[in-house]
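J.: Here's the letter readout for the chains.
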Amino acid sequence: MTLLIGLMLLLMLLGMPIAYALGLSSLIYVVVCTDISPMIVAQRICVGADSLILLALPFFLLAGEIMNAAGITRRLTRLALAVIGPPRGGLSYVVVTVNVLVAMVSGAAIASAAAVGSTMVPMMERKGYPRSFAAALNAAAATMGPIIPPSVGFIIYASLSGVSVGKLFIAGTLPGLLLAAGTALVCAWAARKHNHPAGEHHSRRELWESFLDAIPALLMPVIILGGIFGGLVTPTEAGALAVGYGLVAGLVIYRSLRWRDLPGIFLVTARRTASIMMIIACASCFGFLITHAIDAAGFIGGFQSLTQSRAVLLLLLMGLILALGTVMEGGSIMIILTPLLLPVLKAYQIDLIHFGVIFQLAIMIGLLTPPVGMLLFVMSGISRVSVRDILQHVWPFLFMLCVLLILVTYIPGLSLWLVEWTGTRIK
Amino acid sequence: MKANKTNNSALDRATDVLLTVLSVSLVGIMLVAVFFRYALGHALYWSDEVVRYLFVWFTLLGAAICLRQREHIRVEYFAEKLPMRIRRGVERALLVAVCLFQLAMVVLGFVWVWSMRGALTSALQWPLNWFFYAALPVSMLLGLAYGLRRLARGEYVESGSAPDEAAGSPEGGAS
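Taken in order, these protein sequences are the chains called F and X. Just so we're on the same page, our numbering is the position in the first sequence counted from 1, plus 2. Just so we're on the same page, our numbering is the position in the second sequence counted from 1, plus 9.
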């Protein structure tokens, strides 16, 4: 048990790819410490990769990628520019709005941050915003992507915890919109404090034209979310529909996507999915051995000797996830931690859907905290601003995110009201 | 660092094509299945099964390709702190360990495939061991080949932080 976890951590921290660190430590543990046949490792990895729920992963990653390549993101930006118009700090609200719209199709933060940021940061700089503020805002706004459905993180969490993906998606909706409102509030504050330039006035005609142009793009979230929340299709099917519709929009309606771009998009997304899926497959083997080896009662007892209170436990877990989030990539934290925490959550009668939202939100904060904050790195690369400069402007957003995390944690209704309200309709 | 990009072998191209085809088929079959269920009113009996097993192949073959591309998600924070000479030594040892793990998976996987001969998939009645279980040893064999090639070429250090394609950082991972 100590060997299993210790070896895994050692290999992982030395820099072995996480998937192989999980697999290799499992294999060594089985051979050295148990009399189980080592074939179990091969079996568990195979079985861990076999999941219709996780199939939604490549689909939503592809849909997001196609959306960017087909210029759908660009059209949504044009619409948001025309709608928001003149108020002070107008462009920062445009960034928030575009991120909300993109989040309704894309399930990942990094890819959408790159797509939206690479157009918005230069545009904001031209209008007189400090580049470091533009980069910080784009990094912070991208955290909406995986909270507002669909969400790669929720799909992974669902496959690990057995909770319905659809319900998690619904649970993330309200916190996601609150996150958008919170980001806009910080923008309003910053616009006043730093005297940000006003937005441009756009004619009615531009508003109408950009709306017409964006209709096929706006239909994409309607199909995905309508299909899932209306109980018509499973999230996995909705993902496939989103890819299909995105291809039609890009190839036929907008004609902005070329056939010869497609193999590249499919291949790159496939590799990205596979690197995540391999971790999940190996983690399922690792998790199986842990639950096999662990003395569940003693493990839970350890937590209970620390605290009896659900509120304190949630605080501890939040701290743990945030601490890990500073040095680890988010999805991996979720994959490794969820199987370990499930028995504890059940012992404290914490709702698994509620915890999923808390988990995802805490991981998003991790994407913005150094030393390892992927969104900081990506935005730093796009905007050519150092991570240090971005950090100066990112802290108000981080503060807002932490407040939201506490609200979501201690007001379960924020996640669960909508789930109860929609009831059993979701597949 | 980009040496592996300039001399792509036929094997690299073939595996890339295979992964792309798998990826397209997953979307295609799923769409056809949705169409049959909702538009034509009768579900295909084979689609779930085929899609599930293709997805397993997709994952495992994709992982082997990621090993070639040095795109696997990993914690780089501490490795980057090491002096380059020590770091290369550590990374070489880790890559050797990954290769040994894959070798073990190839052997164990084929033993498993052999021991499960005769079992059939539930819907299509295809041989279960070749259609499903073989994905692991076959992919691990490919991964082993790529790992050994990297060792032979001295490409120990995972690039990771230097994405070679437009689609954002490979480290972007599950977030």
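Simulated from the structure, these hints should not be mistaken for laboratory data. Given the structure is predicted, the values throughout are model-derived calculations rather than measurements. Where a beta carbon is used, it is the ideal one built from N, C-alpha and C, also for glycine. Take these hints with a grain of salt, some might be off.
[Said to hold, decoys possible] Covered stretches of chain X, going by a simulated chain F footprint (3 or more residues, C-beta under 8 Å):
1. 28 to 42
2. 55 to 61
3. 78 to 84
4. 126 to 139
J.: The structure should be examined with respect to each hint, and the outcome stated for every one.
T.: Status of the hints after comparison with the structure:
1. 28 to 42: The restraint on the stretch 28 to 42 of chain X holds, since 10 of its residues have a Cβ under 8 Å from chain F and three suffice.
2. 55 to 61: holds (count 3)
3. 78 to 84: It holds: at least three residues are needed, and the stretch 78 to 84 of chain X offers 6 whose Cβ sits within less than 8 Å of chain F.
4. 126 to 139: violated (count 0)
Going through the hint list in order, the structure does not satisfy hint 4, though it satisfies all others.
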